[in-house]
Each structure stands twice: as C-alpha cells, then as structure tokens.
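> In order, the protein sequences belong to chains C and E.
Residue numbering for the first sequence follows our numbering, beginning at 1 and increasing consecutively.
Residue numbering for the second sequence follows our numbering, beginning at 1 and increasing consecutively.
If you are wondering where the hints come from, they were derived from the structure by calculation, not from laboratory data.
Be aware that a few hints might be false.
Covered stretches of chain C, as calculated for chain E (at least 3 residues, CB under 8 Å) [as the list claims (entries may be wrong)]:
| hint | segment |
| --- | --- |
| 1 | 6-19 |
| 2 | 78-87 |
Distance condition first, Cα-Cα at most 25 Å in a straight line; then the derived BS3-like pairs of lysine-lysine [claimed, not checked]:
| hint | chain 1 | residue 1 | chain 2 | residue 2 |
| --- | --- | --- | --- | --- |
| 3 | E | Lys110 | E | Lys145 |
| 4 | C | Lys46 | E | Lys110 |
| 5 | E | Lys51 | C | Lys46 |
| 6 | E | Lys110 | E | Lys88 |
Ideal placement from N, C-alpha and C gives every residue a C-beta, glycine not left out.
This is what each chain is made of:
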Amino acid sequence: MQDDFDTGRRWHDMGGLPGGSIDRAQHDFALWEKRVDALVILCGNKGLFSVDGLRRALEDMGPQAFEELTYYERWVSACAQNLVECGVITLDELNARMNEVAARGATYGEAQGHGEGGAS
Amino acid sequence: MPHDHDDHDHAHGHHHHGLSPSGHPYRPDDDTALSRFQVMEIALRELLIEKGIATAPEIMAQVERMDARSPALGARVVARAWTDPAFKARLLADGSAACREMSIEVDALKLVVVENTPQVHNVVVCTLCSCYPRNLLGLPPDWYKARAYRSRVVREPRAVLAEFGTHLPDDVRVQVHDSTADMRYLVLPARPAGTDGWSAERLAELVGRDAMIGVTLARAPEEPAPA
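Chain C with its partners taken away, still in its complex shape (with noise of 0.2 Å):
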C-alpha cells in the first residue's frame, strides 16, 4: 500500500490490512546483517540517533524498498542516512568510502577491512 494522504495513513501502518498467508521459512543472519544490527545499537546507545530516527528513516523509504529489499539492507541505508543528518559523517565520505571498498574484492570475505575483529 502507499502513503493515504486522505486518511494520513502512511504505507508502513499494515495493521488490519488483508494479506496473504505466513512464510515461516527462515534465514539465518550473515555476518554483515549482524554488524548491521550492531552498528545500530551502539549508534542508539552513544546518542547518534534513536530508533525513532531509524524508523523515520525506514518509513520515508516507502512502500517499494520494503518489498524489494532485505530487511537489513533497508537497515543499513537508514543507519547511514541518520549518521549523514547528524553530521557524524558527510555523503563524500560515504560516497569515496564505499567505492574504495567495492574496488578491495568481489566478496565481502576480500571487501571487509580494519573492524574485522574476530578470534585472532
């Protein structure tokens, strides 16, 4: 659904809606979607932004993003859209940044730099 502007009824209310039957087939979490849910939650805890700044964020990405992307992948554009508004870092960096990451490898296991933690 989108965005009622008769009712103001934004796309994201879903409750009472018809829908179709439940999917229960699960994934598992990848590393990055839990580095994701990490990011958050310390961005959270240091007062970068809250979880209404990220809802809000997640709401303005509309009705298409949130049936054509992962639910991650919709995190982590909302993360990064709070951390641009609150000035942490620019749309430059952003920009420069993923593009030298993109150019370390084809996998994330290549892509992935300093922050790798781990065991070792």
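With chain C's structure known, arrange chain E on it following the hints.
For chain E alone, kept in the frame of chain C given last:
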C-alpha cells in the same frame, strides 16, 4: 541459506578467518558477490572506527552479545514464573525488573509480560515495524517482520494461529498486543498439564520462541521436541 553445523566440532577453538567469534562458520556471504549494502556496512563501520566513535572490539562484542540472546533466555523466565509464584507476580507487575533479578538485561525497553489463562490467549505483533523482545528471544524470525503476519494477526488472529497449528476453543478470548519501539511484550504461556513436580530447567525445554510470541502453546510433555 544453509548454515553448516557439521563443522562445529572442528571449528571450536581454532583461530580461523572463516569463523565467527562463537566458533561457528560464517555463512556464505563471505564468498558470494559483494552487494552494495554489504559495501555500505563495511564503509560505515570503518568510518565510525576511524572517527573514534566505536571500536572494532566494541562492535564485535555487540554482535556476540546479540548472538548470545536466544529464546532460551525467555524460556528460563517463563519456567521460573511457573515454579515460583512470587516471581511470577513480580514478573507480571514489572517485567523489566523481574528479568533483571535473573541477570537478564532488557535495557531501556519496558517489558510487559502477558499471561495466558484458560480464558485469555495473548499474541504479540508489531504492526508498524519489527519491535520484539529481542533481549529475551534474540532477533525476530523473518515472518514476524513480514507483511502477512503484521497485517493479518490483528484482524484475524485465529486464522493466523491456525496457520501455526494452534486451535483455541471458541470461548477463549484472543488478545493481540501491538508492540512499540519502547514497549515490548512477552507472552507467559500456560504451563502444560502433566508437568507437576518438574524442575524449572526441565520445564524450560517446553517453552519455544513461538509460544512466547503467542502463536503456539508451550509444548506438552508427550509432544516430541522440535528437531
């Protein structure tokens, strides 16, 4: 997506690039084509570290902290409530404080525990997004965050419960609780019959994630344990 459990025994204790801190193998995201969103995650993480806002060990620790959250925590709370009436009273009065007694930190969230009785069955949803008692149950299942559950469970809860194999008598009232960012609900399922004298540890094995969301009941002792 497959999660290769076969490697666990070999994996533990080894310091290997392909292993998560818990010693479990990472899933195949390490060796599939790099996505724009994975790139964004790496970029954001690096920038936050370079700017001194977060450290790499801190981020790793938060990942581990969430990995350690699982429905087993919620099950411990439920089993304690079944076996300790005074605790149950405290849990229903102030869920966050009662969990803290058991050293389970629910952070800033207000935890509201709702009890199933012979008259009332409770179900939890977040119609607006994906709010969930993550500190007690871990991260929510995919279906909890999806449109079908969020939209339908408030309108036709019995039909939704039936899809989970849960059929309630007509005279049981179904209450659906819509979570918010600041308030999370946990269902206290009814203690199954035939468990008199059981220890809390044994009882906890009957309490699955879905029972604490309210889409199923606690497992009866005669039912087989889930695989």
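> Would you mind marking each hint as holding or not holding in the structure?
Results for each hint:
Counting residues of the segment 6-19 of chain C whose CB lies closer than 8 Å to any CB of chain E gives 8, which reaches the minimum of 3, so the coverage claim holds. Counting residues of the segment 78-87 of chain C whose beta carbon lies closer than 8 Å to any beta carbon of chain E gives 3, which meets the minimum of three for the stated coverage. Restraint check for Lys110 (chain E) and Lys145 (chain E): satisfied, since their Cα atoms lie roughly 20 Å apart, inside the 25 Å limit. At roughly 19 Å between alpha-carbon atoms, Lys46 (chain C) and Lys110 (chain E) fall within 25 Å of each other, so this suggested pair holds.
Pair hint Lys51 (chain E) plus Lys46 (chain C) holds up; C-alpha atoms about 13 Å apart against a cutoff of 25 Å. A distance of roughly 17 Å separates the Cα atoms of Lys110 (chain E) and Lys88 (chain E); the hinted pair therefore holds under the 25 Å criterion.
Going down the numbered hints, you'll see the structure goes against none, and every one checks out.
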